[in-house]
Amino acid sequence: MATSFAGVPIFYYEALASILFFIGLTGAIARRNPLVMLMSIELMFNAANLAFIVFARAWLNNAGQIFAFLVITVAAAEAAIALAIVVVVFRFAQQVDVDEVRVLHG
Amino acid sequence: MPVVKVLTDGIGEVDLTDIAIYRQRDGYRQWERAVRELKSSEVLEMADRSGLRGRGGAGFPTGKKWSFLPAGDKPRYLVCNCDEAEPGTFKDHMLLERAPHLVLEGILLGAYGIGSHHAFIYIRGEFKRGYEIFSRALEEARAAGFVGKNLFGTGYDLEVTIHRGAGAYICGEETALLNSLEGKRGEPRLKPPFPAIAGLYGMPTVVNNVETLAYLVSILRNGPEWFAAVGTERSKGYKIISISGHVRKPGNYEVPLGTTVRELIEIAGGLREGRTLRAVQPGGGSSACIFEEHLDLPYDYESMAKAGSMLGSGAFVVFDDTTDFVKCAFNLVRFFAHESCGQCTPCREGGHWLETVLHRFVEGRGLESDLAMMRRVSSTITGLNLCALGDSIEPFLKSVLQRFPEQFEARVLREVASA
Amino acid sequence: MSSAPATSDLVNLTIDGVPVQVRKGTLLVEAAKLIKQEIPVYCYHTKLGPAGLCRVCLVEVEGMPKLQIGCNTPVAEGMVVRTRGESVEKGRAMVLELLLVNHPLDCPICDKGGECDLQDYAMAYGRGSSDLADPKTSKPKAVDLGPTIVLDEERCVVCQRCVRFDDLIAGERQLVLKDRGHRDMIATATGDPYRHNFTGNVTELCPVGALTSKTYRFKSRPWDLKRTETSCTQCSVGCRMNVDVRRETVLRTMSVEGDDAVSDWWLCDRGRYNVGYVDAPGRITQPLLRRDGTFVQIGWDDAFAIWAKAIRAALDARGPESIAALGGGRLTNEEAYLLARSMRELGAKNIDWRTGRQRQATPGSSGGTLLDLERAGAIVTVGESPAQLAPVMDLRVRKAVRHGARYIRVASHEAPPTMRHHDVPDVAAAAAAIPANVTRVALIWDGVDSTLARAAFAALERDGRTLLTYISGEQGNARGAEAMGVLPFSGPGYHVADTGRDFDGICADALAGKIDVLSIFGANPALNAADGARVRGALQAVGFLVVTELFMTETAKMATLVLPAAGAFEKSGSIVNLAGDVLPTAAALAPPGGVLSDFEIVAGLARALEIALPDTEEIERATIAAAAALPVGIAFGDERFAGTAKEPALGDGLRLRVTHHAFAGGGTLANDERIATLRPLPEAAFSRADAERLGIRTGDYVDLVGPGGTMHDLLAEVRESLAPGEVVTIAGLADAPANALAERSRVRVENVRHADALVEA
Amino acid sequence: MRKHLFNVGAILQGLGITFKYMFVRRPTIEYPSIKKQHAPRFHGLHELRRYADGKERCIGCELCSSACPANAITVIGAENAPDARVSPGERHAASYEIDELRCIFCGLCEEACPTDAIVLTPRFEMADYRRGAFVYSKDRLLVPSDAGVGTPPDERPNGIPADLGRVAEVKSTMNVDRGYSATHRGEVLKTERKGLAG
Amino acid sequence: MIPFWIIAAVLIVSALWTVTARKPIYSVVSLLLNFAALATTYLILHAEFLAVMQIIVYSGAILMLFVFVIALLNSGIAAVVLGRDRVPVAPAAAAALAAVAFVATAIAAAHAPAIAPIATHSPLGAVGRGNVFGSIGDFGQALFLSRLLPFEITALILMVAVVGVVLLAGDLTPYVPTRRRAEQTRRALREAILREGK
Amino acid sequence: MLIVLVKSAILLLVVLTTFAYAMLFERKIMGWMQLRPGPNRVGPWGLLQPAADAAKLILKEDLTPKTADPLIYRLAPFISLLTAFAVYAIVPFGANGDGSPWAIGDVNAGILFLMAISSIGVYGISLGGWASGSKFPLLGAVRGTAQMISYELSMSLSFVGVLMLAGTTSLTGIVNAQERVWFFIPQALGFIIYVITAVAETNRTPFDLVEAETELVGGFHTEYSGLRFGSFFIAEYVNMLTVSCIASLLFLGGWNAPFGLTMIPGILWFVLKVGAFMFFYMWLRATLPRFRYDRLMTFGWKVLLPIATLNLVATAAWVALH
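Residue numbers (the working numbering), protein chains in the order written: chain A, 1 to 106; chain B, 107 to 525; chain C, 526 to 1286; chain D, 1287 to 1484; chain E, 1485 to 1682; chain F, 1683 to 2004.
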């Protein structure tokens, strides 16, 4: 396994991916705007994808790329559904504050 | 010849302006008799029985007119209308100048008849000589005790006031005369109320013509039956006719009513040599013409009305075949338009309009359409007016338009020179 | 109207197939109106009666051979009338054709075009064409009849309405018909300018555009005008009037047809023509504050704040005795009510409307209506007659005189009226002059001398006689102000309240330095008060003087704060006229920008003072109640109203008398340039004896010198009717204020300049 | 809906039409260089006319103003000074303004005018940069004082115009030399006509 | 080395901006930037197809969807008012701690002994050439041959998502053309009136 | 590297000039079709009109509405412009004798790159519309986003048929694959779908709901003025040029000469084909009215997409069978 590509050590990429992931995580936790939350989640997906691709490159095995592709696909589906939910919630409650929308709290 | 002398008795023979001469001829006898012996209602009754009709033009029965005065203690006035201005009339003029005492006696009798204590005589402004003569006569009568307070010792007061007009034809109309007498603008009043109810100064008033009043003297002298025996059934008594125009001897002729038109022309000397009669205007400027076919009609109120004209004030004007009827019509219309008081629209504007148009005809600048227009306008304005002046415009114009259209058509401008 | 007519008085007839039942003696024109069937008329006028001149009102009466004129045909039982039909239409068309024969068709030029009876009837009944081929007659146009009226002779249809108005209604007989036939024309009989107090009515009567008002000539077309019906507030009669406005300018005023109760369908020239002030250049449009001797413009908020601050300071320092309010004659009832109420809310009782010479406006319980006046058998005036004070009331007097009433003037110093009159030296003589059979007597007082009024009342009161009293005051809504409680001793509805100081008292207090804030609402005491010198001194002594005005009047010039107020045409409300009728006024146009009505001004002050104001509905209710309240317990010449003015000491010289003139006054009258020619010159009238003694002839210029002042450059007039020992001047002239000298004081004549000498020089 | 969506034929037809029109001669007039000649009765800019003697025809009667459906005309009348008349008769227009932006050029003012004073000329070029410039007052509406038409008014004292209410023979008095566009009948146009404009 | 640092800096800054931006649209824009940088990284890492997919799917579709929803919600009546964001101390601290731990682990893993690459059939070559590691051909063969099952499963998931979205956000009331709806309303109204009439 | 820069500069110049005259040309053509002369005041036959327009746009005041989001408002035109030009990095205009294309860069995944770039292009519209902060631009943006997403799908599917026939994603490869038969013959359906979606993607009539001046007074660029508006304007025309190039490359044989007319250089053929396609665009605009929004979406999803899928399946089957 190559430890560096074009002079960049692989763990740099790993670190980058993890930083991006945690930025996304923080956003997903801290923001109340569902759109921004979703985008943060996308950020986390991408961080994971980056890691996949880095490892695929490292092992020269495109299974990682395939996985990343599937992630992108599923992310698209997820985003579509999530946004649909946001729109429906907005129509229903006239607001999108996730803390205020608690109809399903039981 | 049926010429009589009732009012004209003595005129042209003796100086009747002299009270002494007048009294010699029984002057003021009837007046004294009336005041001393008769009640005023008896005088009224005699006037009524005589069938005397107003000689001023309208021919209204005098007794009936007097009887319209309402009972009551309001002062009453008698006004003698001596504003003779109808074209063709000159009888009152003559009476005033030649027999002033007769006129005055008539006024006094009339005033007594209606129970008035104040009589007025309204003398036309142009009758300067007549006014002077009558004034002198009045002074003489006053001096003789026929006018003034406590007449003949009976306690009856009667004052006579002379008023001179200022030369307006319309003041011959009784209400205009009253206005003029009051010092107002001489224009007819709106009737009702009639003068018998509210006349001079708002008091019951009778306005009578000079001739009418003058006949009272002879009626009282000879009795009403004497008067009623003459004339036709409804036009009784005598009348002075002022005959003028194309006759040899124009002048005033006193005749019984009912004399035929032909006789009247004969009385006045007949037509000039070689001339033929074209028309006669039997009742002054405001009457329509009568023609050859009417020559044998009796000259009285009814017959003249039947012939489409009227007897009016007895101004009998004769036209022979030299007459230019366009000029005649223009002359008469101009007179009426000029004399219109201007109060009411049809007379004021219609008269002036017709005058303008007729003037064009006289100058030979008539229009074809004017003939129909004149007929339409003149006939429509008749009957729309406050007084009779406006209605006087039509009759003569209409009758000559109808009878002699060729004279008018000859003055129509057929071609306009293309300038 | 008061009682249903008995059946015997009624006549049944048929008009155009419609059965009508009317009073006996009714004319066909009027009867046809009942079934809404128009009979065209020119010469006929409901108030003038028939004249039978125009001949356009033709109708067909069954059984009569000729067409009858509807205007002079009284109804008869069983009469069958047709106002339409071939012969009627033919006759009318002929008359209209004839009317148009010499009528110029300059309708586009003519002011009447659009509201012209001739236009209307020609359209409705005319032929539409004429056979006229000749040129129309040419007559003078724009003939100057007088200071108010221009005649177009070509347009005249000789209906003589104007002539008959002048004869029958105004009684002046100035207008006559001159010449005859188609040349006849309207003119003044003497050739002098047509001039009296009612000239304007002829322009309204004129069915065509022959008589036009100089103020309205070519100003507008009738269809452009916005019409508002309101009540005139120029004098205390309160005539109903139509105000025609265009481009934010009052262009003309017209009387209201059918207003029998108040104006009798007429207007006086003052009410009609004094409207040009609305957009006069001298109008104040912003609050002005005196700062270092000159006025500076300030905003309304500041004005209210400064005013309120001054009042608060005065209240805190010296209590409610130190503030006072004056005025009310120009205010509407609502404004007067709000003013009185606001003042009393502050605890202030120094409030009075009597800033002029008039002392009282409510005649007490014996007050009659204007219609009553018309029916009186005798009319007695004490003090000044209503001829100049309340001109339209004077028309009622004239009407009564025409109907046979005896008109008696007590110790009058005015020019003799053109109607039959009896001048008597004192009240007792007046009582004696009343015919024995007269049961209704009207007593008219100018509101000045209470003692005289009481004496007259006592002298004329008699068993079996109805005595009706009137006070023809000088201020428009004086009676309203009284009813609303703008009096020191009474509140709204004549309820007795704590007694404060009246006008004289306020002046005295001011001179003593006891008044800190004096607010004057629409009054001009500096010019109009009887004792001018004293009043001016008092106003100067006030610490903070507020004046609401339209113009910089004599009083406003002395103020600390001048507030621009809306004029009578710019506000709605109600007024009470001298007969006690409550009349609405309506705003005909909006006031100029920056100008508030007195109502808004009082309300703004109250808000700045944080006084609780009643809401609009309550004001309305209270105003109506107060205006309708019967003046119970108020006597004619009441002593409470009498005031404290003293008779000036006797001395040498002539006694000064002050009279009113309809067009003499400050403010709106002085600032209307359209009526400049109608304003009187300052004059002094002498009796013949005095004039001869002093060597004065009519037309000379003289000065009058009295205690405390001088009146300069008065035009002398020798008046036969005056008693020796008196000199009469006109009140309220800004050029020569009569109140420079105390009324009834003794004056000397000085500096006589002869007219001929002046001409030579 | 299906019909509309699959109506390919119509689309093709439309394309054919537009294509065909590419080769059709264009009727456009090169306006500033070539000016169209309008009919003499074209409703363009107004003008206020005079009588042959130079007096204004307008008598300030405001009939145009009341006839105007767009309320574009403001007239304020005034009395003529008897010795120096602006117009025959007693009245003249002290102020006459037309807001050409409001005007709908319907010509009702012309119809209403009793003296044929206001007429609509074929002049149509009145573009400007300021709205205020479209309020035409008498200084721009009145024809030059020597451009009067018709018979001079009756010389009666204070008389009304002799031809009041009669239609005069010439509609416009506009004149090239005076800076008006040459648009009335009989005038020679400055530029030639070209293309379809001919 | 330098490109990496630049890209890393862009990635981190844009990610931070995404998370912290007040307006969601700024989040979108920064995320767009982030994705672009990420796509560049993919290219560097020989994932050509994925780089393109990243742009097409993520940037072109998913992010576009965000913009769409933002615009859609913005166009609604009520303004979206949100409360203050949460900053839960404990989770944040835990996240930071985890991040440190994660980075440490990554570094540790990097120092772990190398494992032989499981090579695929494509060689490593310049990005942009065909049939090299990560190229379309390479990727396609892997996807459709060796990894077909996960691909199909993903397709299923996508299908479910489509159905879900349509069910969620779609307007499920049956579509009625305007004209027919108007007709229905009219008929209803008429019937109502007739009923009232009885 | 230098060569790339020079190539880029030349290309930029060419594209911009083409844009300028395409615009003039469009106005002229529309004028002719509508019986008007079209612009003819600036220069002979109005040839300097583009310069005048440019001068006008440059001199115009650049306004940013108060309600706008300033950053994104200013960013949006650049996104549009950038993506419009970025495409030309890989578009080949011809080929040398050795088969190397006349292009700045030749990428194997060229067509994918193209799709990627064009999918970014919509951001210009949607962000610009959103950031204007007023109603009509927002509506335009929302419409634009939905329309682009909808039609991009069908467009991609129409590409896939070509890709399957050519067996490559390289644009040069695709052109070379058409030496014998241009793909618009076997892929007639795909070509029609492409033409339709291309019009939709560039927001041109009859699919110009994004701008729709009669309903939205200009749509997304209502609030823009001056050069920012100009950027959108340029982007639109460059996009038109792009899709014309793609049509030429993918379906019309690129620089391949028809009927063996090889004596005319390939580049001319390419220009001719692009020009014809551009003319078609303008022709359409002069002819067809605008779609209603709901019909546009219905058409995209319920008509175009199924047909495109059908085309794909058919092509796949054909390829598999051969």
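Among the hints, erroneous ones may be present.
[Unchecked claim] List time: in silico DSSO-like cross-link candidates among lysine-lysine, alpha-carbon distance up to 27 Å:
| hint | chain 1 | residue 1 | chain 2 | residue 2 |
| --- | --- | --- | --- | --- |
| 1 | C | K703 | C | K751 |
| 2 | C | K874 | C | K924 |
| 3 | C | K1039 | C | K549 |
| 4 | C | K1082 | B | K297 |
| 5 | C | K744 | D | K1424 |
| 6 | B | K504 | C | K615 |
| 7 | C | K924 | B | K180 |
| 8 | C | K739 | D | K1424 |
[Said to hold, decoys possible] Derived contacts from chain B toward chain C, CB cut-off under 7 Å, selection only:
| hint | residue |
| --- | --- |
| 9 | L144 |
| 10 | T451 |
| 11 | P452 |
By construction, these hints were calculated from the structure, which means they are not laboratory data. None of these values were measured; they are calculated from a predicted model. Quick reminder that beta carbons are idealized off the backbone N, C-alpha and C, glycines included.
Broken hints, numbered, in rising order? Checked against the structure, the hints that fail are numbers 1, 2, 3, 4, 9, while the rest are satisfied.
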